[in-house]
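Engineer: What follows is each chain in one-letter form.
2 protein chains.
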Amino acid sequence: MSEPEAAGDNVNNEENNPPESKTENKNEEEQPEPPKEMKAVVLAGFGGLKSVKVMNKPQPAVGEGEILIRVKACGLNFLDVMVRQGVIDSPPKTPFILGFECAGEVEGVGEGVTDVKVGDRVAALTEYKAWAELVSVPAKYVYSLPQGMEFQNAASMLMNYVVAYILVFDIGNIRSGQSVLVHSAGGGVGQAISQLCKTVSDVTLIGTASKHKHESIKDSFAHLLDHGVDYVQEIKKLSPEGVDIVLDCLYGDDANKGYNLLKPLGRYILYGSGNIVTGETKSFFSLAKSWWQVDKINPMKLFDENRSVSGFQLRHLLYQQGAHEYVRGVVNKVFKMWENGHIKPVVDSTWAFEDVPEAMQKLHDRKNVGKIILDPNMEPKPKPKLQTKGSKDKDKEKEKDGKAVGETAAGESTDAEKENKEGDSSAPSSAN
Amino acid sequence: MSEPEAAGDNVNNEENNPPESKTENKNEEEQPEPPKEMKAVVLAGFGGLKSVKVMNKPQPAVGEGEILIRVKACGLNFLDVMVRQGVIDSPPKTPFILGFECAGEVEGVGEGVTDVKVGDRVAALTEYKAWAELVSVPAKYVYSLPQGMEFQNAASMLMNYVVAYILVFDIGNIRSGQSVLVHSAGGGVGQAISQLCKTVSDVTLIGTASKHKHESIKDSFAHLLDHGVDYVQEIKKLSPEGVDIVLDCLYGDDANKGYNLLKPLGRYILYGSGNIVTGETKSFFSLAKSWWQVDKINPMKLFDENRSVSGFQLRHLLYQQGAHEYVRGVVNKVFKMWENGHIKPVVDSTWAFEDVPEAMQKLHDRKNVGKIILDPNMEPKPKPKLQTKGSKDKDKEKEKDGKAVGETAAGESTDAEKENKEGDSSAPSSAN
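So the sequence lines, in the order shown, correspond to chains A and B.
Under UniProt numbering, the first residue of the first sequence carries the number 1, and numbering increases by one thereafter.
Under UniProt numbering, the first residue of the second sequence carries the number 1, and numbering increases by one thereafter.
Read the hints as simulated data drawn from the structure, not as lab findings.
You may find that some hints are simply not true.
One copy or two, it doesn't matter: identical chains are merged, so the pair holds either way.
Claimed, not checked - Taking lysine to aspartate or glutamate pairs in the EDC-like style, the calculated list, with each CA pair at most 20 Å apart, reads: (1) K263 - D170; (2) K140 - E241; (3) K117 - E150; (4) K301 - D89; (5) K263 - E325; (6) K198 - E339; (7) K236 - D226.
Since the structure is predicted, the reported quantities are computational estimates derived from the model, not experimental observations.
The task is simple: from the sequences and hints, build the whole structure.
Structural biologist: Here it is as structure tokens:
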């Protein structure tokens, strides 16, 4: 919203104080005392990458019905980038600890918790606060891991596969012989969608992704299209009747395009957050533009055309709408599919807390293939000492904090610009 | 659209010429010659019941890829009432033979037809022309009957159960533990929906229907509500979270009510035609009002609320959108369920062609419980000779043709008025 404020309490300068120096001394009591601290990834204010700080924060207490988890792996999602930019509804007050999913070991259980015990291996869908060494989570959002599932596997599967499962099966109701268009085919959800669709016979998968990703995901999709080109024409060449399901995380003009690509009885499903996150601080404008671009639909038009339009947002479902029992059922089904070898999460890369800005940039630039994982115990990348920011600074709104991002991310943001431009060029004149 | 024109060729005065006098003499050749005639239910012009005439028409020729069916039973649907009133898009020119479904014996096959042979027992979803002694139908709309299925069974199942199956399973994607709200619960589709839902464990069925029907359909629905009362409040009492699926054939204000009753991940599905057909000639106004009353939906609102909105119309799907292979698959599944004893069509009543106006009035007034069947070989009801129209004529737009309707229908239209008024009283102030 505004520029990041001065970061709050307990700020660690992540460059001078490597994480080893943190004051962690837990091995006495399960109930952590106020002075005990933990490392956490904190959003100091809504905005760019420099608002993301690694800090020491008080260890959480375990409330009634809660489970304290010693975090071993966290998932990074587009939702986190949206939160950072403040483009979600009712965001919490900054500063707060980021992160919506993690996996780890149970370190304590609150009153009334009977399903898990200390030492159990679990994963959790938390409402913020997951990117920390410890997190206390209401038991309703905590799921026991199947035997043999590593923490990284769990953190890479939980949100992506739950979202993908609900999209593909419960909302999409995919059936044998049908076709699916998936945007951001190379991302974590895109990869999960592909794997879940492949558990159904004779499903045709069409994905859009940046050209540079095509080689690495070519086995996941029957047809890969560059989102920058006129993918609607390409799809009409592949399948003149259109597709049965469109899974759209992009909004805006892609919503109308996707709707118009539907076969009779086709389902257009809007989920996730892609197009909203286009620039580092242009987000509110983008959001408004997306709302404006998406055509409103009279249900009687759907009646005329035999079509469905759906929206899906896990965060609302779980935390505002109270569907935790339903989500637990989906988690169980996903874990069962993993146990049966039907699905296998793709991990793009693993990052230290200190390197979250770079990891976020990679996600933002859609450079990842599969899931981006954070590991609280991982050593951060060595930071280069040269403070020159490189050559590209024509876009004032681009991330400029060389300290957090480093030279690799700076090089990547050039590609990001290119990609954004490509995306824009595919939009018709209604874009301005 | 306009007042019924003078009826076309071969008009039979159904009162003076009972059907026995029709010139039917088929037992020589399969290929009918021009002079051969058959009895058919013809719409002479769009409008009220008096536009519906029983006439002699030339027997149809069997074109390439067509199947000539000797009709034994026809289904009457709300769609037929809409057609009569002219409230469908691209209606054919009057006069034409009414009717969208029938069952009977194959009397001839055109060139290229290999799947059925003369003498086979079949059912068909025809684009008009089904209400006749003979109809020639493209083979793609003809379905072989399972052994033991009577023609009346077939005619009562075909359209209703195909519609219900697609609504409940393919669009609604119903699952164990879910709840469904069905309007017009006592009609043919309502009864089919109930039976199909009951093949899934632990589904809660809530139906709205006129009070006088509740007793006869009380076994089909867990909860029956009077559509005339504030059913939204009643449902919220039964299930404060709402329902998972709303199957709405009423449009207008019921669409908004239905949408707002949805649970998270709920599906609102608009189908059929109920509210449009409210008065005998008020239909265009009703249609416009329905369009206006239904809130337009931004897909991003669906995203916020985790909801789906769908529309379904079998006629478009089958005849305009070419989904005959898909529909054949559904017919096969429905027939298989019948063979397995999972479903059993409910027949409300069977009528002679000459009594179609009275049968239509019964459907219009929602007096039927289950399917209304027409039988080309049935004797018409004896008509009373008294021509006094009874006492009720304050509504000029009500059916006034005593010749076609008879005194029973006149009595029923009084109830119909009452019901319409009740329906209106349940609408909020947005109705004007």
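Engineer: For every hint, state whether the structure bears it out.
Structural biologist: Hints, verified against the model:
In the homo-oligomer, the alpha carbons of K263 and D170 lie at most 20 Å apart both inside one protomer (19 Å) and across protomers (14 Å), since each shortest distance falls under that limit. When the C-alpha separation of K140 and E241 is checked against a cutoff of 20 Å, the pair qualifies only between copies, where the shortest distance is 19 Å, while the shortest distance within a copy is 43 Å. Taking identical chains as interchangeable, the C-alpha atoms of K117 and E150 lie at most 20 Å apart only when both belong to the same chain, with a minimum of 18 Å there against 62 Å between chains. Only between protomers do K301 and D89 lie at most 20 Å apart by alpha-carbon distance; the minimum there is 13 Å, versus 29 Å within a single protomer.
For a Cα distance limit of 20 Å, the shortest separation of K263 from E325 across copies, 14 Å, qualifies, whereas the shortest one inside one copy, 33 Å, does not. In this assembly of identical chains, K198 and E339 lie within 20 Å of each other by CA distance solely inside one copy; the values are 16 Å within and 32 Å between copies. In this assembly of identical chains, the alpha carbons of K236 and D226 lie at most 20 Å apart only when taken from the same copy (14 Å versus 48 Å across copies).
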